[in-house]
Amino acid sequence: MKTANDVLSALQSAFPGAIEEAKVAPERQLWATVKPERIVEVCKYLRDNHGFDHYSGAVGVDRIDEGLFEVTELLASHGAHKVVALLKVKTPRANPRVKSLTGLYWNANWYEREIWEMLGIDFEGHPELYPLLLPDELVGSWPWRKDFKGYPDVTTGERAIETVTPDGYTHYRIPPTQAEIEAGTVPAQRPKYPTFREREEMEIKESSEMILHLGPQHAVVPGPFLLDILVDGERVRKAFLDVGYIHKGIEKIMENRTYVQGIPITDRLCYMAALTNNEAYCGAVERLLGIEPPERAQYIRVITQELSRIQSHLLGTAEFLTLIASAVYSPFLYMIIDREDVLTCIESVTGARINHSFVRFGGVRNDLPDGFKDMTLDALKMVREKTEEYKELFLSDSIYKRRMDGVGVLSPSEARRLGVSGPPLRASDTPYDMRREDPYLLYKDLDFDVITRKEGDSKARVEVRLDEIIESCYIVEQCLDQIPSGPIMADNVPKKVKPEPGEAYYRVEDHRGEMGFFVVSDGTDKPVKVKARGPVYAYFQALPPLLEGVYIADVVAIAGSMDACTSEVDR
Amino acid sequence: MELLSAITEFAAREPKIYGLILGLVAAAILASVINVAAMLLVWLERKVMGDLQSRYGPNRVGGRWGVLQLGADAIKLFTKEDIIPRGADKSVYVWAPIVAVATTMLIAGALPFGAVIIDGEVIPLVVANMDISALYVEAVLSLMAIGAFMAGYASNNKYSMLGAFRGIARMIAYEVPMGVCVISVAVMAHSLNLVEIVNAQQGIWFALAQPLGFVIFAICLIVDLGRMPFDQTEAEEEIIAGYNTEYSGIRFGLLYFQEYIVMLLGSILLVLLFLGGWNGPVIPVITFISPMVWFFMKLLIVLVALIWIRVSLPRFRIDQVTDLGWKILLPLSLINFVWAVAVGLYFA
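If you read the protein sequences in the order shown, they are chains A and B.
Numbered by the working numbering, the letters in the first sequence go through residues 4 to 574 in order.
Numbered by the working numbering, the letters in the second sequence go through residues 188 to 535 in order.
What the hints contain is simulated information worked out from the structure, not anything from laboratory work.
Backbone N, C-alpha and C define an ideal beta-carbon position, used for all residues, glycine too.
Some clues are possibly wrong.
[Stated by the list, open to error] In silico DSS-like cross-links for lysine-lysine, where the CA-CA straight-line distance does not exceed 25 Å:
(1) K241(A) / K514(B)
(2) K255(A) / K149(A)
(3) K102(A) / K38(A)
(4) K93(A) / K26(A)
(5) K529(A) / K501(A)
(6) K404(A) / K345(B)
(7) K501(A) / K26(A)
(8) K384(A) / K394(A)
(9) K208(A) / K345(B)
[What the hints assert, rightly or not] Okay, the calculated bits of chain A under chain B, using three or more residues with CB under 8 Å as the criterion:
(10) 83-91
(11) 470-476
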């Protein structure tokens, strides 16, 4: 199997002079700075010759002191090897331009759009560079830049301009400040997301077609997002997705807090996955600090995170069931009841049921309480029995078969191309699991299987989740058997967290897939940049192509089988 | 006594007007009874669903059992604003709930609601004992889709429209097998009169004589009632609330309530056609209402079964529903018809 050093030497010989500041640290992570004009060639070379077929995301950093923007492209491989390539491209702040990778990787689209709207870096060759998370009016404010002082109305006290359209809808527009106009940071023509009427005019070809809104406030969506589907009768012809309704600016907030204050904010990325989000952030900061949690703390982290995976998969499956059945569907409530027991186990350790803020740099907050082992083993026994029962129910019911078999099929190659991860990818016969790909904590020593399915349809995704519940039970039982006594915090954790200047990237297997935190430090007590690379972002981007040609009823079945969480997409 | 004699005198003098008044009074009594029964049914459903799902259901208004919950809900609905959307077809929109409830009530007129025993004679409780009541009920059941379609069409809402289309598509697919099942029953009973059909089941229930027909009819009935797993017209996960998305206040209340009335009446129809109606051994002490007891016991079992099905089955997709209707149930219902004719002739 290829190591990062192999890839690096191959790169250096293939592109002499284009690769600078290359290093491998820690093992399996290849950091390099690439000349901006050659980034596409380098990525193409890596994709075609070294199996880097997974575009994991991109991070934009504002280096205001150096007058530069940095864009770091994260590349990985679905199984060919376990190297992550982090290729940095630098571009001057005055005229920021980077070549787009959308020609090579389909899913680079959203990541680049986000960096464009937040930092104002123009991606040359991007097919649809219009706002994703921000409303149209705010494009040109570039909120991720370090010299951003709030939106115009905040600094000047100006009120938003109110206009009423002929349809009777009210629009608000925040005018640019004089300073911005003089500085020329306001683009003359801002690209806009098409309005509903424009969309109708563009897309509707026949009189039998219409565009149907699912959202932003639909009865069942897991948070506000807009899914417009162009339907002809009951068939979906095309789907358009718009997110950003609950954009909270979490990454920017974390830049303005100390490292420790960032931990509770990571909870709010997605409350179903608070513990793994904590883990991903703390892991990245631990890498910056160069500390490692003691063994007992690692065990506690694994136990709580696997319990959290169980409760998340239970709720995810339950929500899926309500989508293809109804809100009064009984197994939904039975799963919620089962989940309560698991939550109680987690609560007894972390002190909270949903937003835990439990993981610390170099350890965990609490030790396991007395009687935890017995309580958890009881709960796991119950969960295991119930899960077997649910599996039997879903596999034998003929209506389930009709609703799930062959619905929303993702072939393995398609799933990889769309960049999804987690259960949807594993349901498409790709054993890609961070716990095996990029082993963190104790996972390299633990015994567990990566669950996969061949079919790639909605049913396979649900089955993967249910099997993972059983697998997680097994992991927790192992950990409870093996857990040693000892301290729960490392000795060398500094009182004031001020990492050395540098960058770290740390990936964990979230309940929904690959969750990565990219943290940049400049030696102060606040991070320069925190980037959360979430799995649901990738699901959402992959949703519209999946929905073409299905029935309206299948839209919710497919979207539900992804187990989405809007909060994490919008951040 | 004076009043009674005055009435008899009036009846003799003006038989037509007397008949009209009598009919109106009967209709008023019937409507009140049905409405109250449907209210109790809503309460029953919420309670049974609660029990099936490890939760309480209504338990605040009206004591521990929450019996008055529906009264509170009704007051709420009455006091809500009655919103008519800007682009709606106003008159159709306003009339749709009324048409829906009225067509449902039409069924009630022809259905026997049990029977009593007076002097050893079984007297069925039916307002209009028509010769073709089974056919009539079956016909009016399919009329119900009109109210829902009016509501969906007039709302000027895409979800409502989709719900209305689905309702019509489903109705067309399922009225045919349902009608064939009713005919099969009539063939065996040698009558289209519901009372006669019940009397014909004194020996053996038609559910046992033609089990296939019973199953098909029960499925078609659930489709007609628009209950899970066939509630595509108002699948909230897909099209919000389907044809009644735009309705609010008491108009919504009517549309909502209509579903429970028709659930009650549909269950009664099932009991009458296949489960032997009020037939059953005479219970000694309460001889007078003995048939009533049997009738309501069967009715309750059917209703609870419907509620049970609702919380335990996922929803079909609309194309699967029409597939099931045209490709499976219709041929099977014809087979059942042949069976009914053969058996009917053999025993005739």
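- Verdict on chain B covering the region 83-91 of chain A, criterion of 3 CB contacts below 8 Å: violated (count 0)
- Message: Between the alpha carbons of K404(A) and K345(B), is the straight-line distance 25 Å or under?
- Response: violated, 29 Å
- Distance restraint between K501(A) and K26(A), which requires alpha-carbon spacing of 25 Å or less: holds, 23 Å
- Pair hint K208(A) and K345(B), alpha-carbon separation not exceeding 25 Å: holds, 18 Å
- Regarding the pair K255(A) and K149(A), is the alpha-carbon distance no greater than 25 Å? holds, 10 Å
- 25 Å limit on alpha-carbon distance, applied to hinted pair K529(A) and K501(A): Roughly 8 Å separates the two Cα atoms, so the pair holds.
- For the pair supplied as a hint, K241(A) and K514(B), is the alpha-carbon distance within the 25 Å limit? With a Cα-Cα distance of about 30 Å, the restraint between K241(A) and K514(B) is violated, given a limit of 25 Å.
- Would you mind confirming whether the straight-line C-alpha gap from K102(A) to K38(A) stays at or under 25 Å? holds, 11 Å
- Straight-line Cα separation of K384(A) and K394(A) no greater than 25 Å? holds, 16 Å
- Hinted pair K93(A) and K26(A), Cα distance within 25 Å: It holds: about 17 Å lies between the C-alpha atoms, which stays within 25 Å.
- Coverage assertion for the region 470-476 of chain A with respect to chain B, Cβ distance below 8 Å, three residues required: Contact hint for the region 470-476 of chain A vs chain B: violated, 0 residues under 8 Å.
Taken one by one, the earlier hints fail for this structure at numbers 1, 6, 10, 11, listed in ascending order.
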